[in-house]
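S.K.: Which chain is which? The protein sequence lines are A and B, in order. 1 is the number of the first residue of the first sequence in the UniProt record's numbering; add one for each residue after it. 1 is the number of the first residue of the second sequence in the UniProt record's numbering; add one for each residue after it.
There may be inaccurate statements among the hints.
All copies of an identical chain are treated as equivalent in the list; a pair is satisfied when it fits inside any one copy or across any two copies.
[Said to hold, decoys possible] Straight-line distance between alpha carbons at most 20 Å, and here's what the computed SDA-like set of lysine to any residue pairs gives:
| no. | residue 1 | residue 2 |
| --- | --- | --- |
| 1 | Lys55 | Gly44 |
| 2 | Lys316 | Met1 |
| 3 | Lys272 | Gly242 |
| 4 | Lys55 | Cys90 |
| 5 | Lys404 | Gly33 |
Quick caveat, the hints were computed from the structure, so don't treat them as lab data. Since the structure is predicted, the reported quantities are computational estimates derived from the model, not experimental observations.
There are 2 protein chains.
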Amino acid sequence: MAIIVQKYGGTSVGSVERIYNVARRVMASAQAGHQVAVVVSAMGDTTDELVSLVKSVSQNPSEREMAMVLSTGEQISIALLATALQELGCPAMSFTGAQAGVVTEGSPLSSRIIEFNAGRVKDALQNGKVAIVAGFQGADSNGEINTLGRGGSDTTAVALAAALGADTCEIYTDVDGVYTIDPRIVPEAAKLTEITYDEMLELASMGAKVLHPRAVECGKLHCVTIHVRSSFHGEEGTLVKGESNLERGTVISGIACDENQVKIAVVGVPDKPGMAARIFAALGEAQINVDLIVQSIRREGENDILFTVPDDDLAKARATLEPIVAEIGATELCIQSDVAKISVVGAGMVQHSGVAAGMFQALAAENINIEIISTSEIRISCLIAQSRLQDAARAIHQFFQMDKHPEKSNIASCHTGRNNQVCRGIQ
Amino acid sequence: MAIIVQKYGGTSVGSVERIYNVARRVMASAQAGHQVAVVVSAMGDTTDELVSLVKSVSQNPSEREMAMVLSTGEQISIALLATALQELGCPAMSFTGAQAGVVTEGSPLSSRIIEFNAGRVKDALQNGKVAIVAGFQGADSNGEINTLGRGGSDTTAVALAAALGADTCEIYTDVDGVYTIDPRIVPEAAKLTEITYDEMLELASMGAKVLHPRAVECGKLHCVTIHVRSSFHGEEGTLVKGESNLERGTVISGIACDENQVKIAVVGVPDKPGMAARIFAALGEAQINVDLIVQSIRREGENDILFTVPDDDLAKARATLEPIVAEIGATELCIQSDVAKISVVGAGMVQHSGVAAGMFQALAAENINIEIISTSEIRISCLIAQSRLQDAARAIHQFFQMDKHPEKSNIASCHTGRNNQVCRGIQ
């Protein structure tokens with residue numbers, strides 16, 4: 001008998017019919033003799049609707065009151081799923097984040113889980129009940145309701161799996177698993193059977209939406225094996241776990257694409273110490289995630305500082321930077337939004353040279369210009385024109401023959417999303 | 001500077017515009033220098049919609065999961081009202097029942113408040129904030145979310161006023177105050193300036209919907225003056241308070257009408273000890289509120305036992321009684337639903353005789369038959385044909401000249417409602 005955590009997203013519980021589909025799947029696991037804890041998101045578009053409701057009262061609501069409202073979305077979905085299970089004859093009990101023991105800290109709309117006191121959930125499991133926990137939320141030590149930010153339900157699930165010592169954490173989603181690249185961009189994309197935490201982290205951070213990077217980090221920290229799989233059928237998906245093979249068969253795991261980036265150039269920055277620090281400290285204070293930074297010499301005594309920020313943060317970034325441009329005596333602020341970031345990720349890069357060269361070669365062959373390059377130990381990212389993203393993705397995918405033997409790849413992919421949240425980067 | 005508790009019902013916060021109307025009224029009290037705590041219900045028909053949502057998943061949901069869902073209604077309305085106040089520049093903070101310190105016990109959908117630990121609410125008030133508390137809900141000592149049942153928001157408000165030692169508890173409603181009778185039934189109805197707790201309790205329990213009897217009882221217990229007034233204008237309403245005048249000017253205070261009653265007759269009950277106890281113990285166990293009980297001798301060795309139950313409880317009452325009728329050897333169970341209860345209430349009755357005679361005389365003059373009579377120290381109730389209710393109400397109102405000098409009456413009234421909940425009676 002195993003302890004299993006299952007997480008279902010908003011689409012999976014978007015209607016009464018779908019809630020019953022989830023309930024039947026959960027019940028099957030329970031009837032197979034497992035202890036099952038389930039984490040659910042709010043139904044369908046509930047969270048967006050609740051945001052709109054609050055915004056109809058005020059365009060600048062306090063985070064506290066917004067979190068108070070948003071948390072009701074999961075409170076309803078957990079109770080409906082528990083009710084569906086009970087109706088099917090399967091004992092079940094719902095828990096809000098606070099009741100489940102999710103202790104958070106930080107601002108009400110982007111808090112972090114600092115503790116998971118899963119005593120009540122364990123009791124329910126030991127009493128033969130399915131425990132249904134609200135994703136995306138918790139309460140701080142004063143009982144204040146916090147939300148974890150979008151994608152927080154994945155993190156709730158992985159943290160619960162860690163707290164329960166669960167055998168597996170299954171993330172049910174509307175895709176089959178993790179692909180070498182978003183199949184909507186490159187139809188030859190191959191599903192991966194396994195991927196390492198680090199690779200998944202790079203891919204997720206670089207734009208792959210299938211799993212939230214915070215959840216991957218949490219899984220890595222607590223060695224929770226995460227199984228990303230489809231909520232529409234029973235096939236195996238992709239396991240996200242620690243490195244298993246001593247020798248890797250493949251160098252490259254996956255390609256991530258991110259269209260939601262804006263290039264910002266602070267032109268003509270005086271070549272004095274502390275200029276870059278001044279700019280990025282201000283962006284960090286404004287909680288803007290900066291990625292892909294390049295500093296180039298414009299002419300003697302002046303530099304250009306280039307970087308990217310997510311689309312959503314553009315207005316905030318502009319408001320933050322305009323006074324600084326004046327203050328430090330830079331020439332101007334240039335903003336370019338028709339850019340996209342393409343990243344190649346693979347733990348195998350550590351041992352293999354030539355990946356960067358291959359990537360650049362593939363892009364050059366397609367006559368695609370690279371605007372910024374950034375690398376980590378297991379990733380190379382290039383900023384290119386948004387209109388050439390698909391060509392770039394196809395060229396790189398083909399160059400590295402990523403459609404071959406995907407089962408042997410320890411690799412990854414990705415969805416290009418409008419609401420993508422990049423959690424990493426320099427702050 | 002006074003401490004004021006204000007309660008607004010679902011209609012008053014039924015839209016963003018209305019929420020702003022409430023916010024402006026609350027802000028005016030705060031700007032006048034008072035400490036203001038506000039209790040709100042869920043917006044408009046939210047509670048009914050949430051009930052329907054749960055019922056779409058299961059016709060027999062568990063009370064616990066239903067309460068989990070229902071409590072979200074107020075959680076949204078408190079946060080929206082707090083947001084509106086903040087938008088107007090008035091510091092405000094919302095509290096769920098659990099956060100406000102409402103400790104409940106009993107079943108999840110009809111729990112009672114056993115404690116109100118208003119420390120956090122007091123802190124907010126002392127920090128110059130308007131405190132906004134979710135009505136209708138609380139949490140038990142294990143953190144389980146409970147609701148108080150319909151009308152519970154009134155009770156939350158009065159209990160909060162007691163916990164804060166508030167100077168007044170204002171219940172804002174869609175009527176101007178308490179009338180001698182529902183003006184829709186008798187247009188000559190007069191608004192009362194004051195009414196005693198006991199009178200209000202009898203009227204509310206007998207069908208007047210303007211204030212929930214539990215709230216009145218709570219007010220009486222803690223000597224909280226309750227001001228029932230309109231949320232549409234600033235005129236004074238009716239004060240519900242302890243007896244103030246040493247001598248009363250009037251005998252009769254108000255008339256309550258209740259159409260939501262069903263007459264049940266258990267016919268041919270053997271004349272043995274314990275028969276009535278058997279019947280009413282079973283009804284009590286099924287949590288059915290029984291009212292107006294009469295036992296009459298049918299013939300030697302056999303009695304008829306007659307009583308009324310609310311419409312809503314009929315199915316449950318029938319299911320409870322049918323096996324008992326067989327078990328105790330009674331002849332049959334007769335159910336009649338075209339009946340109505342009309343009650344005359346007045347603390348002055350204690351010192352004056354002849355009220356019952358006057359009531360019967362007024363009904364006889366209209367040729368209205370009385371099926372059951374029941375009395376308390378300050379109330380006389382008659383069960384009559386539903387079709388004659390309006391005639392009966394007019395005749396009695398006129399007979400006692402209740403349209404005259406209402407300001408001197410210490411009296412009461414009432415609304416005839418389809419969802420009326422009678423909380424008292426024999427269980």
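S.K.: Confirm or reject each hint.
M.R.: For each hint, the structure was consulted:
no., hint, result
1, Lys55 with Gly44, "both (19 Å within a copy, 19 Å between copies)"
2, Lys316 with Met1, "neither (51 Å within a copy, 42 Å between copies)"
3, Lys272 with Gly242, "neither (44 Å within a copy, 79 Å between copies)"
4, Lys55 with Cys90, "between (39 Å within a copy, 18 Å between copies)"
5, Lys404 with Gly33, "neither (38 Å within a copy, 75 Å between copies)"
Hint compliance for this structure: hints 2, 3 and 5 are broken, all remaining hints hold.
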